[in-house]
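Undergrad: So you can see what is in the structure, the chains are spelled out below.
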Amino acid sequence: MPDALTVSMRASHALVGIFLLAAIAFAALGAALNDTFYLRLATEALIFGGLALSVDILLGYTGLLSLGQALYFGLGAYLSAVVLMAVPSFWLALASGLAAGLVLGLLGGIIAMRVRGVYFALITFGTAQVVAKVIYNTRSLGASDGLLGVPVIDINFGFVSLSSASPAGFFLVVLAVIVLLYGVSAYILDTPIGRLLIALRANDKRVPFLGYRTATLRLSSFVFAAVIATVSGTLYPMLRGFVSPELLFFSTSGNAVITVVLGGVGTLVGALYGSVMLTLLKSVIGTWTEHHLIVIGLLFMGAVIFLPNGLIGLVRPFIARLLARETKP
Amino acid sequence: MPTFKKSIFAALLATTAATATHAADPVKIGVVTPLSGTYAGIGQQVRWGFDLATKQINASGGIMGRQIELLYEDEEANPSVAVQKAEKLFQVGKVDFLTGTVSSGSTLAVGQLAERAGKLIATTVSFADSITGDRCSPNVFRVNARAGQQSAALAVWLSKEKPKAQVFYLGPDYEMGRSTVAAFKSSAEKVGANTLGEVFAPLDSKDYTQYFGQIRASRPQVLYTSVAGNDTVRLFTQLQEFGLLNNMTVVGASGTVTSQNIGAIGKAAEGFVTGVGYSTEIPSPENKKFVEAFKTAYKADPDLYGTDSYGLIYAYKAAVEKAKSTETDKVRDALRGLKWATPQGEKTIRAGDHQAIQTMYVVRVANGEFKIIGQVSGDDAIGADTCTRF
Amino acid sequence: MLDYIQFVLAPQVVTGLAFGVAVILVALGLTIIFGLLDVINMSHGEFYAFGAFSALALNWLGLPFWLLLILVPLLMLPVGYFVERVLIQRVFNRPDRHVTTLLLTFGFGLVLEDAFRLGFGPNPYRPDTPIRGAVEFFGIFLPNYRLFLIVFGGFVIAGVALIVYRTRLGAMVRAAAFDRNMAASLGVPVAWVFAGAFAFGVSLAGLAGVLLAPVYSVFPTMGRDFILMAFTVVIVGGMGSIAGAVVAGLFLTQVQSIASLYISPVWTDPIVFGIMVVMLMVRPQGLFGRLGHA
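Those protein sequences? They're chains X, S and L, same order as listed.
First residue of the first sequence: 1, per the working numbering; consecutive thereafter.
First residue of the second sequence: 1001, per the working numbering; consecutive thereafter.
First residue of the third sequence: 2001, per the working numbering; consecutive thereafter.
There could be a bad hint or two in this list.
[Claimed, not checked] Examples of chain S residues lying across from chain X (beta carbon under 10 Å, computed): (1) L1070; (2) L1071; (3) K1085.
Derived by calculation from the structure, the hints in this document are not laboratory data.
Since this is a predicted model, take the numbers as computed values, not measurements.
Using N, Cα and C, we set each Cβ at its ideal position, and we do this for glycine too.
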């Protein structure tokens, strides 16, 4: 008998399935119409969706609000840019992002893990600010101008090769990577380890009584989230051809948090839908008024107050019920 | 997903537009500029400059009979957003030309996008030397004076008015701040000034008083600073509070004191000297007309950003008329070597690096106004062409 | 050596003191709100800005500076009360209160900042101060306004401490912070106390805004100036501890002030942040512990 978590997870999978189908259809349409901008905008939304996913793993499952997740995203982006300018290999860039995520996640985790709650939020915030400032002042990393000239690369899958300059092609590559990241996250969170993390969020004082060490659990979750963020970050320079320190600034971390809240904390898929929604919102509102922060700020506040489970939270229970009905013996 | 509908709509629009008559087609210029965030003040001047020029040109028939249409997007002072919005303007807005970026990071990033998209951009604000120097691009043009021109003008004044001056440097700690200080330091030392010391404060510092001990101890005649915006307000008013302005002349970069912050700085700005490409006091009749029109329309004085932006639209008009087309390659050729009239006098775009050459003015703040106390010819101020890409 | 102390070190300490008083005023409000309501007010910086902008606007209408010092904080009391009742209370009783109030006030801060830009434009302003001139003592130069800041700020801080520790009102506040339910059953009007404390906290921030406007100027993003430092002071001093805010505020600003003599100022922020991290790992309740729990 599947429990509530598994049921809601399955509903999330269904929603991801819908997302995937819609995305593929979108790519096909875009390619047919020879569109560049909307496909690239959507690709960017997906990449930042990966960052939001990382925030949701920490916030929605482990109960830790990270206000500096952009640190890992940005560092992943910088590393990818440096790697690609030396060796234009997609797989090398991804691999280096993965490795960096593990190392950086461990480093960051050791500092952040001793604390929880609001202290955790402040430490992640401060760490990101400090590192961002260091990069901002480092000439060899381009200082405040960032690094330009990341080449267009060819992504070789063996049977087909796609170019990062191809709007639809690269969109599909990024879609695949992000959905894969979602898949891995969803899988892990549905295992006993994942349930422990959720237990941590619910009541972290009790978990040791169950025989588990909270510190190791939290550290693993942190490292995992860091890797997701770093790997997402590696995709950015492939899309835009450059990186800049603003990728590590609080505005990037803040946007990720807004995305997760709007989409739905603790739903994982909310990060993806939320990112698409926020990108669309910003694009539309931005053309209409330069005071878009007021609109987004109000929407965000509204979501926090009235929609604590985000937009996905509204939809998912229906789908969960649908699925439950179908699987009834 | 709404993005489907948008793509379809855009496609339909494109096909109908293609069948419409060409003469009625507006010339579209995209403007990606910070309308929110720290640089919003500059973005506002930039927008005013563009709007005024466009209004005037459209009123007298437009460019080759076509009206100019400006499409604005907010870059939020973030190169990532700038690139995204620039791509929107290029691909969806189908602009013929793009401008408006303020920070050098945004200009460089959008420049790279322009190259890859086969379009041209120009900046009217970014003053990092690298944009028309070692990081020049065949698709990027600059109509405003760069850091090298600014410090050349100021250095000339320094050598005349305060030979062998004792100078202390205070700059904001980031790439632009440091390189501006370094550039002026080398020009100043070449004309005999003596460097007493330098200090770099974090950007957005609120309290500069922690550096005053050092400054006071070294007893400088001249303080050179490259802070800007709100930082200038705080530095200058605090300097005044602590009596440091009594025996010291403050000089600085062009962007340090502008019409946006001079109101807040108040009396503390008195006597500030800088080398800059524009002053409302330039005595030419073109400038007087321009200042009048600007003040009437926006109830504020134009500053260098507004004026350089104003001048760009006229440059583009001249180039398109010379090339008889808005095609990238033809306009690029037309812009190279272009001479055109601006409120600051005649400017020339150097073909070798796409940098505008113009007379540089030495300006001193007196009674809240930017009085001209000297000038340096365009050729003397321009410096070498270090662009090797084309 | 004596020369060094007199002409380099001492002035640095004194100017650091003026800055320190400013930081303490901002941190005081934050620590009261956190200590009592357990609410992380990410929009605290924007209330500081609110005070400054209100002073600016009222000054334009002709009101003198002295009047503004009293009027603006008073005007901000109902504003703070309203914000607490209408916004904070909606998420207050959720299990993840810390996170939701942080997020909510973060969003509110965004809205406020853009509202300032909408109302006043992006450029800076600087209201004039009626106190001019400077004093010089023992070779240390100090503008009169900064001296006024130190003295007036000191009185305000002392006043707040007095209210919290020596009055019945303060006792109610501390009781509610220690054990809300017990305090309620003893007749403390807890909801009113909470809203009032929040109002008082943001009012203090607003007062800091008025006081500092002539020194640091007024512009839409000014709220970001102090927020990290204020949070650091609150954490190092202890959430909700008045004494903690004072001691930590003075200590951290002095560290920053003196350190900038020897190392590049860009590193003073990381150092301060480092102190916060160490404190969180070694003694998370801060130097003086929590309000009501000391």
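Undergrad: A separate judgement is required for each hint: does it hold in the structure or not?
TA: Hint check results:
1. Here the hint on S/L1070 is broken, as its CB sits about 13 Å from the closest CB of chain X, past 10 Å.
2. Among the interface hints, the one on S/L1071 holds; its C-beta lies about 9 Å from the nearest C-beta in chain X, closer than the 10 Å criterion.
3. Residue-level restraint check for S/K1085 holds (minimum Cβ-Cβ distance to chain X is 8 Å; threshold 10 Å).
Comparing the model with each numbered hint stated earlier shows that hint 1 is the single one that does not hold.
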